[in-house]
Amino acid sequence: MNDRVQEILSWYGSDSPGTLTNISRLLNHGRLAGTGKLVILPVDQGFEHGPARSFAANPPAYDPRYHFELAIEAGCNAYAAPLGFIEGAARDYAGRIPIILKLNNKDALLEEKDPTQAWTSSVEDALRLGACAVGFTIYPGSAERFAMYERIRGLAEEAKRSGLAVVVWSYPRGSGLDKDGETAIDVCGYAAQIAAQLGAHIIKVKLPTSHIAQDAARKVYEKEKVPIESLADRVRHVVQCAFAGRRIVIFSGGPAESDDKILAEVRGIRDGGGFGSIIGRNSFQRKKADALKLLDNIMKIYAGQVS
Amino acid sequence: MNDRVQEILSWYGSDSPGTLTNISRLLNHGRLAGTGKLVILPVDQGFEHGPARSFAANPPAYDPRYHFELAIEAGCNAYAAPLGFIEGAARDYAGRIPIILKLNNKDALLEEKDPTQAWTSSVEDALRLGACAVGFTIYPGSAERFAMYERIRGLAEEAKRSGLAVVVWSYPRGSGLDKDGETAIDVCGYAAQIAAQLGAHIIKVKLPTSHIAQDAARKVYEKEKVPIESLADRVRHVVQCAFAGRRIVIFSGGPAESDDKILAEVRGIRDGGGFGSIIGRNSFQRKKADALKLLDNIMKIYAGQVS
Amino acid sequence: MNDRVQEILSWYGSDSPGTLTNISRLLNHGRLAGTGKLVILPVDQGFEHGPARSFAANPPAYDPRYHFELAIEAGCNAYAAPLGFIEGAARDYAGRIPIILKLNNKDALLEEKDPTQAWTSSVEDALRLGACAVGFTIYPGSAERFAMYERIRGLAEEAKRSGLAVVVWSYPRGSGLDKDGETAIDVCGYAAQIAAQLGAHIIKVKLPTSHIAQDAARKVYEKEKVPIESLADRVRHVVQCAFAGRRIVIFSGGPAESDDKILAEVRGIRDGGGFGSIIGRNSFQRKKADALKLLDNIMKIYAGQVS
Amino acid sequence: MNDRVQEILSWYGSDSPGTLTNISRLLNHGRLAGTGKLVILPVDQGFEHGPARSFAANPPAYDPRYHFELAIEAGCNAYAAPLGFIEGAARDYAGRIPIILKLNNKDALLEEKDPTQAWTSSVEDALRLGACAVGFTIYPGSAERFAMYERIRGLAEEAKRSGLAVVVWSYPRGSGLDKDGETAIDVCGYAAQIAAQLGAHIIKVKLPTSHIAQDAARKVYEKEKVPIESLADRVRHVVQCAFAGRRIVIFSGGPAESDDKILAEVRGIRDGGGFGSIIGRNSFQRKKADALKLLDNIMKIYAGQVS
Amino acid sequence: MNDRVQEILSWYGSDSPGTLTNISRLLNHGRLAGTGKLVILPVDQGFEHGPARSFAANPPAYDPRYHFELAIEAGCNAYAAPLGFIEGAARDYAGRIPIILKLNNKDALLEEKDPTQAWTSSVEDALRLGACAVGFTIYPGSAERFAMYERIRGLAEEAKRSGLAVVVWSYPRGSGLDKDGETAIDVCGYAAQIAAQLGAHIIKVKLPTSHIAQDAARKVYEKEKVPIESLADRVRHVVQCAFAGRRIVIFSGGPAESDDKILAEVRGIRDGGGFGSIIGRNSFQRKKADALKLLDNIMKIYAGQVS
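Protein chains in written order, with numbering that gives the first Met the number 0: chain A, 0 to 306; chain B, 0 to 306; chain C, 0 to 306; chain D, 0 to 306; chain E, 0 to 306.
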């Protein structure tokens, strides 16, 4: 195994060989195998936003097999989705791409001030479907957050006991935050810290802005002159917030944007020492050939094949 | 086993042979056996609307044996009902009609803005009563929906482990939706997607209108020109929303209507690629001879014996 | 075993021989043994209304032994009470009268708009105390009803697995109903249906009035001309609502009234095909000799010894 | 074993020899051994009112060993306290005084309109610490009461299965009652009945006043001319409310009062057929010598050695 | 083992040899080994206040290894932290410093009037990570306190059964208290009592002021002339409130202050018979050399090497 993967695994000294094996599967699969970087395809938008909003722009994506194929052809490190999408094709593509089973989900038919997610699958499901990791979303800032942390506590313990890796989507929102606060740099760094303290192996956060949401934090950022001006600065800070870089932190995109903008963000993540990207809507909401081209360009940046 | 049933079973690659056997029982029973189409008799209205409202129009229907006989004589694929109605006659008709035990129910003695259902029987009940599937209702759009999804998660996992099939009645309602929204095409497609992502084998939804309830969805339907004008178009879209047609989606009627209207709807379901109908009040609220005649006409349409 | 008891047992085809044995114990005990009719002594008023309100009129009734003796001397089919009253004398009268352990109870020290009951004993208690059935109260119409139905679901399943019979007191009340609605004929029939669908073997309801509480129901009663004018008509309808008479339905009295009125009600129950009475306050709130005389007159009516 | 203890044990015919052994330990320990009377030292005020309010008047009482010594030297039947106080000295005094482990407790740092208690220790704790009984407080009249009854249900069942005795402190309070209602004679009798119906072996209530709180009860007390004028009358009535005297009912004091007043109350309890006293603050909030003297005088009254 | 440690262990007579072994590990480790005094390094501020607010002043502290090294180099008795920080370095420093795993945590992204904490790790986690104790925070005065006490009840029982020690952070706050009340002497003593009654082996409280928050308490403090003027008086009183000094009580600092002020407080704790300090922000928010110097000075005071 190459040195960088060995180095990363060394950060997880409290985990079992089973869990290390699954983390290494994620790191050693696809075009970025061995680089310590990851590009993951996540497809929970059918549940989170609705099927037409997610797939009408590229109808083959209604089919659960499509995303397995896209992730495999693009050379992604892993494919992440809710129970139904995984059940719908896991046998057909067994062993061809690492799977992250997303254990909780939310729909958009009722918006709540303090959101939460429903628990929609289990660690046992992950095992029977051949997944190498389980994933959960938490909403720091929501009045429901403690119930979410507690549920993760039990499920992460069960996952680790079963030799699986644990991925946490840490997305601040809820009555403790306004819209700008959700992506503020202090909040984003805090979200990464919470996920790390909860025992996540891999942490997914949104790209932060230079806004600071909490007064008590602002004083410290100003006094200590924490650099947060460039995207690379902010990525570097968020990675630092996740145990001084000793946890894998990856960043999510958002709604469809221009390719140039996406690639600029990827360069920022790379320059700040981020571990990679999770690219959903920007990959499956365009024709497969276009998606493969974009993912190819992203991976080239992470692989150091282009500047 | 005929080709179409084999094809349908191939979509459920993550399920056990036990569950596939039960799905095939549903598909291979009655007059539509082997066609890939289903007509199911559901009788939970005694619980949901009250006994007189449900059965006074045809008093023999107060008796739990009546519905077994009606389903058997009509050649339905299955009979679905709550615990009491199944317990009341399952021994008398054991082995003569596939049973779907409905695990949750609601009464009409108190209407709530965000409705839920009570859990009234168990997977173990289904097994001891010889059922081949369990059924649940969910209310996407209700503030109670996540608790419903979570309960289904556990029970569906238990059902699958026990070799049973899982049927979800996905009926949007609650404070997230107005009356028109409950049957809007975007909402209906979303309801089918949620049930599919929760791991349902068979999904029951209401026939959708061409109304679009959510602004974010409307933009997509318009931009992508998703065809929703005819009933067949809408059925086709809902079936697409359930994993590009790789999940069995059936449609429910509603209160008693003219036979012509019912048969027109059935033709729309057939033309749109729907998998069949679940016909409750329109069958047991009329004399048995009349019900058998209507069901005969419906099955002829699905069987391709009439246009 | 006589024909009528055999016939009744035949309705419970999904139950185990153990449960059938216990139902037959109830039907084959006391003066009405073998008639298919039941008169049961229930004494939960100490808990529900308070001890002085219940027993000061006849102080020997403070003693848990009193009610066993009254039920035995009167030749009742069974005695029903909460944990304490049963524990207080079950050893002394073991084997002399079938016992129904009431598993939930409510006190009158705080009245709530949407009432519920506390769970005060268990199926395991019933078994160790030699009971042949467990009993629960539900309040259809209360916002707490679904929690009640769900608790019964689990406990009834456990009771059936243990070979016990299940008795449900179905008493509509709560914010879904006004005072008149609690005893309306449509609501009473609905209450019987709900208990039957929940899997009750024996259903206890209040005697209904000819009032109809729900508009949607009124339309049906009027259109289908359901007879509800005489008490016998209404009893017949409620029995029909419990699976066309294939579940045992008994009726409760209420606060102390004149003996003539009680006996007239009993005749109405008999004429309408009801299965018997549950007589609490009208039996233990008078001197024992008087109670025995009243119960004797009641049983004579059910036994067909008087008109 | 003497006749009175045998007689008392005969009331608990549904309990195991293990539980009877523990009830007899309470009745056969200390200066009142064999009389059928009990004086118990309860010390939960550190938790319920705070340490300084409880122990500053007599600082040795901060030490958990103090109360064991006081109870032993005074010849009490038992010592009752929360987990910490029992853990703090149980090994030092093992086998020298029967212990009642109080399983729930409340603090005074936040007063709530509908109070409850926290569950702070377990039946398993009672067993490992050598206790012969577990104790719980309930608050009839509080909106939280049903949750309290239900928790007791499970814990009492577990305690009985483990051969322990069950003591219930039945203290009416909460939004269903005003201040006077908490000690009204009807409410106090009702509180004793509830504890008895919940399966308590020993019931602790407050001394009642002659006030009647509930209108429905007042009618009965007046119509049936229930004697409640003297303290002895009221004690007799409360004992009657606990299964006609077939459950052990003891009475609590309250804040420090004059010795004469305390002794007068004890005479009232004795004359009314009460089973004894539970004396907390009036014993440990004075110097040990004074406490021993007061307890000596109390026991003399119960033992019939003085009038 | 030296006399003082033996004496302290003698207070925990109800605990297993396994738990005593772990308590003695805490008392016999580091520079204060055998003195009966403790200085513990706690680092949960990353979770509780956010990473930048906690670590930006001394960036090496973002790394989970830093705190293990600081605690080891300073000769602390133990290191306490949440799951992530312990998992992040426990293997690297296994056996070199006793670990207290903090089982619950709170974040600062939403402030609530009645705060609680989320349960973020388990007793099983503590065992697999080699911890010798588990720690919990409670908030006496919060409407959520009973749920916190109850969760501790179960986890402390499990911890004791597993031979671990139990540490409780008892921090009054919530709607029952105003800001001054949180550190009032009566409230602080009460907080220590509650933790002791809940079965804590080691109790951590804040340093109290001479303010008295509760009227009922003030009367007693005044009447009994409880000395609370000097810090040493107040420490002595709080220690008395924890079972007359028979439970280990340690005191926390707070935000960064001048070294002189910290050392004066430490002298007050020592003079009042406190068992030590828990020093978080004042140690890891300065450069390591400075922290070691401060901790050295603190330990010298506790060790009696300076006045």
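In case anyone wonders, no lab produced these hints; they're calculated from the structure.
All of these numbers come straight from a predicted model, not from anything done at the bench.
Don't take every hint at face value.
Just so you know, same-sequence chains aren't split out, so a pair can sit in one copy or run between any two.
Calculated cross-link-like contacts (lysine-lysine; reagent style DSS-like; alpha-carbon spacing at most 30 angstroms) [what the hints assert, rightly or not]:
(1) Lys178 - Lys222
(2) Lys287 - Lys178
(3) Lys205 - Lys178
(4) Lys260 - Lys205
(5) Lys112 - Lys299
(6) Lys287 - Lys205
(7) Lys178 - Lys299
(8) Lys224 - Lys260
(9) Lys299 - Lys218
(10) Lys287 - Lys218
(11) Lys292 - Lys205
(12) Lys292 - Lys112
(13) Lys292 - Lys222
For each hint, the structure was consulted:
Taking CA atoms no more than 30 angstroms apart as the test, Lys178 paired with Lys222 passes in both settings, with 25 angstroms inside one copy and 27 angstroms between copies. Taking the closest pair of Cα atoms, Lys287 and Lys178 never come within 30 angstroms of each other, the shortest separation being 33 angstroms inside a single copy and 38 angstroms across copies. Taking identical chains as interchangeable, the C-alpha atoms of Lys205 and Lys178 lie at most 30 angstroms apart only when both belong to the same chain, with a minimum of 13 angstroms there against 36 angstroms between chains. For a Cα distance limit of 30 angstroms, the shortest separation of Lys260 from Lys205 inside one copy, 15 angstroms, qualifies, whereas the shortest one across copies, 42 angstroms, does not.
Within a single copy, Lys112 and Lys299 get their C-alpha atoms no closer than 40 angstroms, and across copies no closer than 50 angstroms, so neither meets the 30 angstroms cut-off. For a Cα distance limit of 30 angstroms, the shortest separation of Lys287 from Lys205 inside one copy, 25 angstroms, qualifies, whereas the shortest one across copies, 33 angstroms, does not. In this homomeric assembly, Lys178 and Lys299 never come within 30 angstroms of each other (Cα to Cα): the closest approach is 33 angstroms inside a single copy and 51 angstroms across copies. When the C-alpha separation of Lys224 and Lys260 is checked against a cutoff of 30 angstroms, the pair qualifies both within a copy, at 28 angstroms, and between copies, at 28 angstroms.
Taking the shortest Cα distances, Lys299 and Lys218 never come within 30 angstroms of each other, neither inside one copy (39 angstroms) nor across copies (34 angstroms). Taking the shortest Cα distances, Lys287 and Lys218 sit within 30 angstroms of each other only across copies (23 angstroms), while inside one copy they are farther apart (47 angstroms). For a Cα distance limit of 30 angstroms, the shortest separation of Lys292 from Lys205 inside one copy, 23 angstroms, qualifies, whereas the shortest one across copies, 41 angstroms, does not. Taking the shortest alpha-carbon separations for Lys292 and Lys112, neither the intra-copy value of 39 angstroms nor the inter-copy value of 48 angstroms comes in at or below 30 angstroms.
Within a single copy, Lys292 and Lys222 get their C-alpha atoms only as close as 44 angstroms, which misses the 30 angstroms cut-off; across copies the closest is 24 angstroms, which meets it.
Of the numbered hints stated above, those contradicted by the structure are hints 2, 5, 7, 9 and 12, listed in ascending order.
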